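Chains as they are written, first to last, in the numbering used here: chain A, 1 to 747; chain B, 1 to 160; chain C, 1 to 286.
Keep in mind that the hints were calculated from the coordinates and are not lab data. This structure is a prediction, so every number in the text was calculated from the model and none was measured.
Simulated coverage check for chain C against chain A, where a stretch passes if three residues somewhere in it have a Cβ under 8 angstroms from a Cβ of chain A:
| # | stretch |
| --- | --- |
| 1 | 183–193 |
| 2 | 259–269 |
Below, in silico cross-link-like pairs of lysine-lysine (DSS-like), each with a Cα-Cα straight-line distance of 25 angstroms or less:
| # | chain 1 | residue 1 | chain 2 | residue 2 |
| --- | --- | --- | --- | --- |
| 3 | B | 3 | A | 114 |
| 4 | C | 205 | C | 277 |
| 5 | A | 189 | A | 307 |
| 6 | A | 192 | C | 257 |
| 7 | A | 410 | A | 302 |
| 8 | C | 257 | A | 743 |
| 9 | C | 56 | B | 9 |
| 10 | C | 51 | B | 3 |
| 11 | A | 737 | A | 302 |
| 12 | B | 9 | C | 51 |
| 13 | A | 424 | A | 400 |
| 14 | C | 50 | B | 9 |
| 15 | B | 3 | C | 50 |
| 16 | A | 342 | A | 306 |
| 17 | A | 737 | C | 257 |
All C-beta atoms in this analysis are idealised placements derived from N, C-alpha and C, irrespective of residue type, glycine included.
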Amino acid sequence: MAKDEFNEFKLVGTRPDRPDGLDKVTGRARYGADISAPGMLWGAVVRSPHAHARIVRIDTSRAEALDGVKAVVTRADFPEGLTGEDWNLQENTMAGERALYDGHAVAAVAATSKLIAEDAARLVEVEYEILPHVTDVDDAIRPDAPVIREGAADATVPEGSPPNVARYMEFGFGDVDAGFAEADLVMEKTYKTEATHQGYIEPHACLGQLGEDGKGDMWVCTQGQWFIRKMCTAVLGLETAQLRVTPSEIGGGFGGKTTIFMEPLSLALSRKAGGRPVKIVMSRSEVLRATGPTASASMDVKIGMKKDGAITAARAEFRMQGGAFPGAPVDMALYCAFAGYKLSAVQHIGYDVLANRPKCAAYRAPGSPMGAFAVESLVDEMCRELALDPIEVRQKNAVKTGDKASYGPKFGSIGLVEVLDAVKDHPNLAAPLGPNQGRGVAAGYWFNHNGETSVSMAISEDGTAQVSVGTPDIGGSRASIALMVAETLGISYDDVRVNVVETGALGVNEPTHGSRATFATGKAAVEATGHAIREMCRRAAREWGIDEEAVEWADGAAQPAGPNAGKFPPMTIKEIAGKMGGTGGPISGHHESVPDGVGASFGAHVVDIEVDPETGRVTILRYLVVQDAGRAIHPSYVEGQYQGGAAQGIGWALNEEYIYDDMGRLQNPIFLDYRVPVASDLPMIDTVIVEVPNPGHPYGVRGVGETGITPPLPAIANAIEAATGARLRDLPMNPPKVLAAIKAVKA
Amino acid sequence: MSKIHVTTKVNGDAVEFLADPRETLLDCLRDHVGLTGSKEGCGTGDCGACSVTLDGTLVCSCLVLGVEAEGRDIATIEGMSDGHDLHPLQRKFIEHAALQCGFCTPGILVAAKALLEENPDPTEEEVRYWLAGNLCRCTGYDKIVRAVLDAAAEMRKEAA
Amino acid sequence: MNYHTPASFEDAVQLASAASGTTRFLAGGTDVLVQMRAGMVIPDDLIDLKKIQGVKDITRTADGGWRIGIAVSGAEMGAHGALCADWPGVVEGMELVGSTQIQGRATLVGNLCNGSPAADGVPGLAAAGAAVTITGPGGTRDVAVADVPAGPGKTVLGKGEVISAITLPPRGASGGDAYLRFIPRTEMDIAVVGCAVNLTVDGDKISAARVSLGAVAPTVLLVEDAANAIIGTTLDDAALNALATAASAACNPINDKRGTVEFRTEVAGVLARRAAKIAYARARGE
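Taking the hints into account, I'd like the entire structure generated from these sequences.
Below, the structure written as structure tokens:
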């Protein structure tokens with residue numbers, strides 16, 4: 001059901017000011033590049049201009065001779081013997097024998113100023129022997145493609161597979177052949193998506209310091225300071241606890257800042273420069289060339305449908321390249337692809353293919369947008385063919401709580417039906433459409449994540465509360481956690497301060513990714529607060545001389561309950577805290593877990609567009625996001641996630657792509673030509689928060705951050721067909737492609 | 001490479017610094033004057049995160065050299081509030097949740113302030129086109145535009 | 001890098017002539033600084049022209065045309081009512097360069113001297129018949145704007161030469177100009193195609209016309225065939241079709257990250273039609 005007017009909570013569901021708001025509107029907030037330290041040096045990275053090349057020789061002598069240069073590092077400064085993902089990370093941090101993509105780091109320098117460091121980087125001489133390269137996924141999967149890495153295939157890859165297939169998967173259930181046989185319409189199409197970048201406005205930046213004794217400190221903009229710590233120590237051969245990583249405020253991540261790129265270089269340079277701190281700030285072109293865009297995909301989808309819209313069988317084969325290392329999110333793309341449909345027969349096949357591109361990183365529901373583009377487009381094409389309403393077809397086939405998911409497990413509580421009902425009822429669907437205008441609908445899914453979580457909280461002497469969390473605040477989670485803790489304690493929102501802390505202050509936390517922060521950190525914070533509450537009840541019970549069990553907590557105070565109800569006046573949190581030093585010491589609570597009870601989030605979008613038939617330019621007229629949040633702790637921040645995800649999806653659908661030339665060099669590493677939506681490209685984005693509370697969370701929370709990027713890609717393709725009769729199956733749907741498709745239809 | 005001594009005014013305060021002629025005004029504000037509110041998002045004038053005003057004109061400080069600041073009047077995000085009192089735009093941004101990560105926020109606030117000084121009653125379209133040079137990747141611009149329009153309305157009421 | 005602030009064009013010319021190594025002139029800086037930051041250009045000498053007298057002025061010439069100082073920003077052009085009234089096509093071309101922030105600094109002459117075939121400020125100037133004054137070691141010379149670009153990133157300026165002024169002819173009666181460009185987004189892109197049309201009317205008939213195309217060839221094009229297609233007509237459908245055909249025929253574009261050959265060629269025709277209609281309406285005082 002749609003978000004109720006009546007709110008059963010005092011604070012959860014309200015819209016107070018976020019705690020970091022003042023700092024961020026005044027410029028006081030400190031991001032990755034905003035810190036300096038005494039004795040600081042600046043780092044600069046030397047990067048390969050070739051897509052694939054053997055590194056014959058690196059001569060750093062001219063760089064070292066430049067006045068002001070204090071250290072130069074190459075791969076020789078890194079330990080050997082790493083395996084698996086640790087080796088992948090190290091190889092990506094700094095090239096070994098070969099440069100594997102345009103922008104791959106081959107050396108780094110530290111100097112007393114940024115300009116000197118950049119000048120020194122230009123003085124490092126690298127001799128390359130250029131090798132054949134490959135960037136397109138369907139080229140890379142060919143048996144005769146240039147080989148990225150010998151023996152890259154893991155145990156999943158069948159014997160005799162092409163050399164760049166690193167992983168293979170095949171899963172499903174039921175009899176798809178029988179299912180297709182009983183269908184009235186079987187359609188099979190191929191869809192392609194190009195790689196895109198998360199596009200956060202803040203480039204990666206860090207200040208790293210590492211001594212000869214192996215003790216280090218790092219300030220870095222990151223979604224996950226423990227991941228940075230684990231990866232840097234692995235890549236450099238350090239002891240984990242000896243590196244302390246402090247997260248700055250983060251200027252956007254969307255998954256791209258959950259891993260390392262140049263961070264180990266700052267530490268390696270620092271150690272070589274006698275322990276002086278080294279600051280490295282990436283330029284925008286370095287970010288686009290050499291951090292972690294998402295994968296590109298080539299997808300074959302086949303669906304069987306009866307005349308009444310019931311789906312009888314489905315099959316997907318996805319090929320994805322995630323750069324020169326395994327890790328393209330082809331598994332997650334397949335898990336999500338048919339997730340909204342109740343199927344009796346489904347087969348999935350996936351290939352994770354290597355190519356001469358940067359090592360991909362997570363990007364907001366990794367894999368799901370690609371799969372949605374393919375499946376939701378094909379369903380729409382079939383609806384057109386059978387003259388069926390696309391929303392009704394999704395309603396007819398919708399999964400419900402307890403159904404078996406297309407990827408295997410049984411769904412817990414989900415809200416797809418409620419989302420589709422809300423879409424169908426929405427006034428946007430009644431908005432009249434004029435010439436060259438069309439409407440598209442699509443659904444999307446993300447399962448959300450739990451992950452390792454450690455939270456600690458404490459009551460201060462004046463009865464206010466502090467909460468130490470490990471998940472950096474990207475979308476307003478400090479506000480949401482403060483709301484949940486304040487609600488649980490029965491105190492004012494302003495009396496809770498949430499701090500995002502460094503790695504030395506808590507046990508391990510997974511990053512803010514997988515839409516997990518409000519769910520997992522929130523759940524742990526509520527648990528931790530529960531411990532503190534029980535302790536406060538114990539203190540009151542002792543003072544009253546009654547049984548601990550006979551004290552409850554309500555309205556911010558310990559209250560005698562049961563037989564003792566009313567015997568003593570409530571003891572407020574202020575009173576308890578004020579004397580805690582004398583009644584047993586500090587009052588705190590902590591909680592560590594991999595929390596269960598994750599709730600998945602379904603969404604559906606409706607987009608109205610207008611196409612200029614003479615130029616192929618697409619204008620977004622109207623956009624609606626409907627998505628299940630479980631419970632919106634802070635509705636403004638839930639709306640923000642819906643709108644932000646939609647905007648990224650719109651960019652991916654229309655104009656964003658990685659463009660490589662025939663030498664394998666990235667042609668558009670700046671925002672001029674990597675075309676993200678600007679303010680004038682978008683209308684207001686309408687949102688509807690559906691709430692089907694997740695029973696696995698004390699306040700019913702489902703993660704919401706990721707689902708929103710998946711429906712725009714197919715919804716816009718569907719709208720373009722509605723407006724022009726032309727179906728595009730190849731992203732981005734930029735004006736030249738749209739115009740060509742329109743002309744082909746007219747012909 | 002010898003540095004050039006620059007004397008200028010930033011947010012009403014007299015400021016001096018030594019600049020390598022290759023350093024941008026953005027570099028100098030951040031690294032020499034201690035004002036890190038203006039951000040570098042792209043270095044090519046495409047994202048607007050470095051927006052400041054130069055003698056009252058909205059510019060990208062990444063495309064102005066530090067040495068060009070000699071004798072000029074620069075206003076950054078740090079000068080937007082009046083001591084304790086936030087500018088209406090700043091208040092409205094918090095109220096409307098018009099920021100998520102906040103990295104684009106200083107540039108957008110400086111740009112929006114310049115807009116309302118030139119045009120106190122902009123339409124939604126005018127706001128969007130004025131702010132086209134300020135990229136935001138988090139919000140989809142919806143709440144930002146609402147906050148600017150709301151601040152404009154409040155400022156018009158106060159002026160009346 | 002040596003940073004200079006000469007007080008006159010003669011001093012600027014002297015500095016540039018005497019300089020060895022890489023020299024760049026600085027007005028708005030919105031191209032030079034980008035190139036410096038990217039490491040594409042590291043000037044040994046950067047000559048800032050903004051301290052020269054008159055570089056920020058917009059003035060009428062004796063014959064009723066305009067002289068625009070070389071450091072006048074796009075925003076300043078847009079704020080100049082009389083200039084906008086005479087040459088809206090020239091101004092709107094310049095005003096499309098970049099964002100509001102870029103407009104606060106970018107200059108018409110800088111846009112021309114950067115030599116991009118897609119420069120938004122140039123087709124309008126070419127269609128208007130604008131000229132530049134070039135000051136160099138050998139004295140001064142006037143060159144039509146259309147003759148300044150020499151190829152992508154190149155101009156006809158020799159060593160030590162600098163543009164010291166840009167002049168527009170008088171608008172005259174019953175004239176109108178317009179510039180349109182195609183970009184995939186709504187702002188912030190380099191033109192995939194740009195088209196400027198400048199015409200005068202006699203009653204409802206077009207008596208003179210110039211049609212200029214940008215981003216479809218190594219330099220800006222003045223397309224005589226396109227102009228001839230509409231001269232003597234009332235811009236009816238037949239004339240518009242002939243105009244579009246001539247515009248497309250003149251194209252010699254490249255495939256690149258911003259547009260394909262086919263797309264640019266087709267859209268050049270579309271924009272020529274649309275720009276001509278706007279210029280025609282302006283010429284007729286609508």
